[in-house]
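Guided by the hints, dock chain B onto chain A, whose structure is given.
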Amino acid sequence: MATMSELYQSVILDHNRSPRNYRRMEGADRKAQGNNPLCGDQLTVWLKLGPDGTIEDVSFLGSGCAISKASASMMTAAVKGKRRDEVIALFDQFHALVTGAPTAEAPPLGKLAVFGGVAEFPIRVKCASLSWHALKAALEHPDAVVTTDTDASHQPGA
Amino acid sequence: MTITAADPLASVRADFPILGTKAGGRPLVYLDSAASSQKPRQVIDAVRHFYERDNANIHRGVYGLSVRATEAYDAARAAVARYLGAAHPHEIIFTRGTTEAINLVAQSYARPRLRAGDEILITGMEHHSNIVPWQLVAEQTGAVLRVAPVTDAGELVVEELAALLGERTKLVALAHVSNALGTVNPVAKVIELAHARGIPVLLDGAQAAPHLPLDVQALGADFFACSSHKMFGPTGIGVLYGREALLDAMPPYQGGGDMIASVSFEKSTWAPLPAKFEAGTPHIAGAVGLGAAVGYIERLGREAIAAHEHALLEYATARVREIPGLRVVGTAAEKASVLSFVIEDIHPHDIGTILDASGICIRAGHHCAQPLMRRLGVAATARASFAAYNTTADADALVEGLRQVRAVFA
Numbered sequence: 000m001a002t003m004s005e006l007y008q009s010v011i012l013d014h015n016r017s018p019r020n021y022r023r024m025e026g027a028d029r030k031a032q033g034n035n036p037l038c039g040d041q042l043t044v045w046l047k048l049g050p051d052g053t054i055e056d057v058s059f060l061g062s063g064c065a066i067s068k069a070s071a072s073m074m075t076a077a078v079k080g081k082r083r084d085e086v087i088a089l090f091d092q093f094h095a096l097v098t099g100a101p102t103a104e105a106p107p108l109g110k111l112a113v114f115g116g117v118a119e120f121p122i123r124v125k126c127a128s129l130s131w132h133a134l135k136a137a138l139e140h141p142d143a144v145v146t147t148d149t150d151a152s153h154q155p156g157a
Numbered sequence: 000m001t002i003t004a005a006d007p008l009a010s011v012r013a014d015f016p017i018l019g020t021k022a023g024g025r026p027l028v029y030l031d032s033a034a035s036s037q038k039p040r041q042v043i044d045a046v047r048h049f050y051e052r053d054n055a056n057i058h059r060g061v062y063g064l065s066v067r068a069t070e071a072y073d074a075a076r077a078a079v080a081r082y083l084g085a086a087h088p089h090e091i092i093f094t095r096g097t098t099e100a101i102n103l104v105a106q107s108y109a110r111p112r113l114r115a116g117d118e119i120l121i122t123g124m125e126h127h128s129n130i131v132p133w134q135l136v137a138e139q140t141g142a143v144l145r146v147a148p149v150t151d152a153g154e155l156v157v158e159e160l161a162a163l164l165g166e167r168t169k170l171v172a173l174a175h176v177s178n179a180l181g182t183v184n185p186v187a188k189v190i191e192l193a194h195a196r197g198i199p200v201l202l203d204g205a206q207a208a209p210h211l212p213l214d215v216q217a218l219g220a221d222f223f224a225c226s227s228h229k230m231f232g233p234t235g236i237g238v239l240y241g242r243e244a245l246l247d248a249m250p251p252y253q254g255g256g257d258m259i260a261s262v263s264f265e266k267s268t269w270a271p272l273p274a275k276f277e278a279g280t281p282h283i284a285g286a287v288g289l290g291a292a293v294g295y296i297e298r299l300g301r302e303a304i305a306a307h308e309h310a311l312l313e314y315a316t317a318r319v320r321e322i323p324g325l326r327v328v329g330t331a332a333e334k335a336s337v338l339s340f341v342i343e344d345i346h347p348h349d350i351g352t353i354l355d356a357s358g359i360c361i362r363a364g365h366h367c368a369q370p371l372m373r374r375l376g377v378a379a380t381a382r383a384s385f386a387a388y389n390t391t392a393d394a395d396a397l398v399e400g401l402r403q404v405r406a407v408f409a
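If you read the protein sequences in the order shown, they are chains A and B. Letter by letter, the first sequence follows residues 0 to 157 in numbering that gives the first Met the number 0. Letter by letter, the second sequence follows residues 0 to 409 in numbering that gives the first Met the number 0.
Chain A on its own, in the form it takes in the complex (with noise of 0.2 Å):
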């Protein structure tokens, strides 16, 4: 088993202390909203785009433990300026790391790979992945709800 500092790596409890984008957004393209209903986590993430589908800005508020708030924090530093398509790739990379989900070559994550600890707890999962369902979900549709239920994939475990 990971030790607790492995978990919650102080670049973790640096976000978890001072969230980065943690705002509401005025005149968001898109709003997402995720649910954990296994323990009533909710964030919501907005995002405007620029015209060739940039994430120009990007921003959540939301409650939840270290590790999603976190992550959501490291998320939105991540994104800002990628292209969807980028997004996609890096939602994909990331979901590898937090799952333990074997991959060819490491993904090249840079600061987000302080989560790898995260696939040592299963239960935990879940914590790391919301905001990028709800970040996915925005880039698919205008106004979008997701739970971490939605996606089998999630489930502890997997």
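There could be a bad hint or two in this list.
[Claimed, not checked] Chain A is nowhere near these chain B residues, computed Cβ spacing over 10 Å in every case:
| no. | residue |
| --- | --- |
| 1 | His89 |
| 2 | Ala115 |
| 3 | Leu272 |
| 4 | Arg320 |
[Stated by the list, open to error] A short, non-exhaustive set of chain B residues, derived as facing chain A with CB atoms under 7 Å:
| no. | residue |
| --- | --- |
| 5 | His346 |
| 6 | Ala356 |
| 7 | Gly364 |
| 8 | His365 |
| 9 | Val407 |
Don't read these hints as lab results, they were simulated from the structure. Computed from a predicted structure; not experimentally measured. Backbone N, C-alpha and C define an ideal beta-carbon position, used for all residues, glycine too.
Okay, now just chain B, sitting in the frame of chain A:
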């Protein structure tokens, strides 16, 4: 409080094999009995003995083995009737659990009686299983769900509940003990108020049955629901107690084998209680295990269990308050077995994960009581809950674990 040789519960831990196991290399500290209790050897042995010696279907065979299985099942019903203080064993209906028991009452008692505009009264501290079945039947009938308020301390406002009892109130349903906060509701008073207006009362006894001395007749409860797995028994079985006259007047909840007097394609007639409400082959071994569980609790003594848990709850409540930034959620004057809390700037899930690394099992979340969480202004709480087998050493381990939680987030 110390556990001494004079304590009637001193040897309890040895009865629970799982308490001797390790969690992640650490001795198991199990503080989640409000979610599900652990099982004593006496219950495990009873289930094993049934499957090894007495197993057959009930009420069917003419052979001796089936007769023994039937006798074991009936003996379990009699044991539960005695445990709850029911007037007759046939007032005890075996269900899958508290949830199914409440759904049974919603569909078989309430649904045929409710008209549009009628009211069902619950409280603001109910478990989802004592909210959603009433919402379903309200949708089916046009009835309205009314909610008696809860104070900041997590206590029912009885005067407001009384004011909500009206001409259209057809049923009151409330928790005897709150699963999220441990509040013991003044159910005798609520029943008195409701009965004064001729309104029947259902008690969700899931959290009360393992912890408090109970007598449904003395309380005057019309329905009482509880779950075996929270009272040292197997999962997958629970109990609906209903007063005979009410159960007799209710149509069956499910149709099938074992619940009929006769069947023809034109018309079937129902078996008498309790078979009318037990369609299909029941969880026979589960009932046998539950019978053993109530026998076990009776041997320990419910007064002794309640006293032990009360002292432990007081001790643990005082000790967790040593943790900086910790706030106890639910400070009712009357509480049983549950210690819910939050720590400033630390989410309950993080508390739960870090405690788990020390072998300490607590519940973190909304405890299937989201409306109550909203009322108290918290998204979730961490909850430690106690049973007869917990000791001050468990509470001390919890406090030490919480110090480590603080250290991670320092």
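Do the hints match the structure? See the list:
no.: 1; hint: His89; verdict: 39 Å, holds
no.: 2; hint: Ala115; verdict: 31 Å, holds
no.: 3; hint: Leu272; verdict: 37 Å, holds
no.: 4; hint: Arg320; verdict: 23 Å, holds
no.: 5; hint: His346; verdict: 4 Å, holds
no.: 6; hint: Ala356; verdict: 6 Å, holds
no.: 7; hint: Gly364; verdict: 5 Å, holds
no.: 8; hint: His365; verdict: 4 Å, holds
no.: 9; hint: Val407; verdict: 5 Å, holds
Violated hints: none; the structure is consistent with every hint.
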